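Each chain, written out:
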Amino acid sequence: MTTLPSATRKKLGLVIDLDTCVGCHACVVACKEWNTGGYGAPLSDQDAYGASPSGAWLNRVHSFEITPAATRCKGGQGPAQSAQIVHFPKSCLHCDDAPCVTVCPTGASYKRAEDGIVLVDESMCIGCGLCAWACPYGAREMDAAAGVMKKCTLCVDRIYNDNIPEPDQVPACVRACPASARHFGDLGDPGSAVSKLVAERGGVDLMPEQGTRPVNKYLPPRAKADIDIDGNFRLAELAMPEATGFLGWLDRALERLG
Amino acid sequence: MHPAPSIILFSTLSGAGFGMMIWLGAGFGPSSRGFAFFACGLALALATAGLFASLWHLGNPRRAWRALSQWRSSWLSREGIFSIAALACFGIYALLWAAGQGRFIFPGVCGAMFALATIYATSMIYAGIEAVPRWSKSPTPALFVAYATAGGGLGVTVAALPFTDPPLATLAVSAALLIAAAAVALWWRMRAAAIGLDADGSTPETAIGLPALGRARLFESPHSSPNYLFKEMVFRIGRKHADKLRRLAFGAAFILPLLLLGIAAAMPSWSPVLWLALPVHLAGVAASRWLFFAEAEHVVSLYYGYR
Numbered sequence: 001m002t003t004l005p006s007a008t009r010k011k012l013g014l015v016i017d018l019d020t021c022v023g024c025h026a027c028v029v030a031c032k033e034w035n036t037g038g039y040g041a042p043l044s045d046q047d048a049y050g051a052s053p054s055g056a057w058l059n060r061v062h063s064f065e066i067t068p069a070a071t072r073c074k075g076g077q078g079p080a081q082s083a084q085i086v087h088f089p090k091s092c093l094h095c096d097d098a099p100c101v102t103v104c105p106t107g108a109s110y111k112r113a114e115d116g117i118v119l120v121d122e123s124m125c126i127g128c129g130l131c132a133w134a135c136p137y138g139a140r141e142m143d144a145a146a147g148v149m150k151k152c153t154l155c156v157d158r159i160y161n162d163n164i165p166e167p168d169q170v171p172a173c174v175r176a177c178p179a180s181a182r183h184f185g186d187l188g189d190p191g192s193a194v195s196k197l198v199a200e201r202g203g204v205d206l207m208p209e210q211g212t213r214p215v216n217k218y219l220p221p222r223a224k225a226d227i228d229i230d231g232n233f234r235l236a237e238l239a240m241p242e243a244t245g246f247l248g249w250l251d252r253a254l255e256r257l258g
Numbered sequence: 259m260h261p262a263p264s265i266i267l268f269s270t271l272s273g274a275g276f277g278m279m280i281w282l283g284a285g286f287g288p289s290s291r292g293f294a295f296f297a298c299g300l301a302l303a304l305a306t307a308g309l310f311a312s313l314w315h316l317g318n319p320r321r322a323w324r325a326l327s328q329w330r331s332s333w334l335s336r337e338g339i340f341s342i343a344a345l346a347c348f349g350i351y352a353l354l355w356a357a358g359q360g361r362f363i364f365p366g367v368c369g370a371m372f373a374l375a376t377i378y379a380t381s382m383i384y385a386g387i388e389a390v391p392r393w394s395k396s397p398t399p400a401l402f403v404a405y406a407t408a409g410g411g412l413g414v415t416v417a418a419l420p421f422t423d424p425p426l427a428t429l430a431v432s433a434a435l436l437i438a439a440a441a442v443a444l445w446w447r448m449r450a451a452a453i454g455l456d457a458d459g460s461t462p463e464t465a466i467g468l469p470a471l472g473r474a475r476l477f478e479s480p481h482s483s484p485n486y487l488f489k490e491m492v493f494r495i496g497r498k499h500a501d502k503l504r505r506l507a508f509g510a511a512f513i514l515p516l517l518l519l520g521i522a523a524a525m526p527s528w529s530p531v532l533w534l535a536l537p538v539h540l541a542g543v544a545a546s547r548w549l550f551f552a553e554a555e556h557v558v559s560l561y562y563g564y565r
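Taken in order, these protein sequences are the chains called U and R.
Residues in the first sequence are numbered consecutively from 1, following this note's numbering.
Residues in the second sequence are numbered consecutively from 259, following this note's numbering.
Be careful, since some hints might not be right.
To be verified - For each label pair, taking beta carbons as the anchor points, the in silico distance ranges come out as:
no., chain 1, residue 1, chain 2, residue 2, range
1, R, Gly509, U, Glu209, 37 to 43 Å
2, U, Asp97, R, Ile513, 41 to 47 Å
3, R, Ile513, U, Glu209, 38 to 44 Å
Honestly, the hints are just simulated from the structure, not real lab data.
Everything numeric in this text was worked out from a predicted model, so none of it was measured.
All residues carry an ideal CB built from backbone N, CA and C; glycine is no exception.
Excised from the complex, chain U in its bound form:
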């Protein structure tokens, strides 16, 4: 059924901390690894070792440079800030108003009423690609070998899987993240750890103007300390070696000379 459920009992999703993400792509690789052997057809690659490799991936990390409106180099007024790099992992946001689901002509795409996960039943998918067109976020990629649409399953075959140890019962990307920048939980429950994190850090939606009501939230980078202000302490000074012996005596003697 490609009509959306009016409400879902849970809203399982991810909270991604753009402050701590270091852009290592470990989540990307862990996702590819798990999902190529898990739910549905393997995530195929084409010309993987050739000149122009391509393949289906369900999670990708873009890196952006953000230049504040008032920068020191422009001699701007107001709070001077340096430009910063933001590493930005992107996967399916499991939207409440998922436009990818309603356009599906076969019923292969659906949003689960019990936990809100958006899934593709690959045995029903005709590979028309319309859902990928409907998604503003580019979260869906066609598998060129199987001719079916692939997307993040929120590791539905891990999170309910009693055959694996409990710490592993989270999406592969969350388990792999070395910076703990990825959090998994029920965003429909205001008391959950992820909901509290979103409230505390001011979690945001991606492209809210597209009207998709994403479940996944992103935590903006925290304000950076202004390292260029005079009087601020300089890291380089901490690294100065302390002179001992003859050089130490010479150092102190010259110091006294003024």
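We have chain U; now place chain R onto it with these hints.
Relative to the frame of chain U, chain R by itself:
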């Protein structure tokens, strides 16, 4: 957006075929059995050729029948159902007519209505994609209906050539449909040209959820060679020659067929030149459909350094 040949072929040929069904089903054209055979055959051939071309677009065409199930939410599903209903009603109408039983109003009108509904559903597949503002915020349904009715009118006029010298009224109606479609095409183009990727306020900054932080620039792409998203939604091709192609498409789709209609009206002995009008028109429609896709921008491009 990727201008897939299968989709361009589908919407061009099926558009003209279902357009012909609208006029034939509504009772236009001569009543001879020969004409019934030829014109209905042409309409059905164009429509089914287009539908088969669209199957070629699918990753798993053998499962295509499943696409008829989700008419509650999906315009693609509705298109499939309407097209089958149109083919069935019009097929019955054409069979009875060609068999000498006359032109029955009920199957004819049903066929015409379902044909019109099919064209509308096709247009809504594109007009319903909010992530492509150029399609969703411009009069895309009017564009598709205008092209199909004009192409259908021209098809019916041309298909009558072996059976009768085209009467002036027929030529005039066909010309009027072409002029109306040309006007809609210009109107659509004017609206579409003013609609950018930011029509809903989407920017690279809102795409990453950080508009408050400053201006975002893609520093490092997530992948080093193009992927599916690139091929389908981000690639920008044909922009350099877009204006030239647009003029050629407009000339072929509207100006040349109008000229040929004019020649046939002024000099009835020259009316066989009208045979050229349909292929020339369809080539023009195909070229403009190519631009419809190639020039459309998808908001996912915002993640790849475009704004």
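We went through each hint and held it up to the structure:
1. Gly509(R) <-> Glu209(U): 37 to 43 Å: holds, 39 Å
2. Asp97(U) <-> Ile513(R): 41 to 47 Å: Since the Cβ atoms of Asp97(U) and Ile513(R) sit about 44 Å apart, the hinted range of 41 to 47 Å holds.
3. Ile513(R) <-> Glu209(U): 38 to 44 Å: Holds: the Cβ-Cβ distance is about 40 Å, inside 38 to 44 Å.
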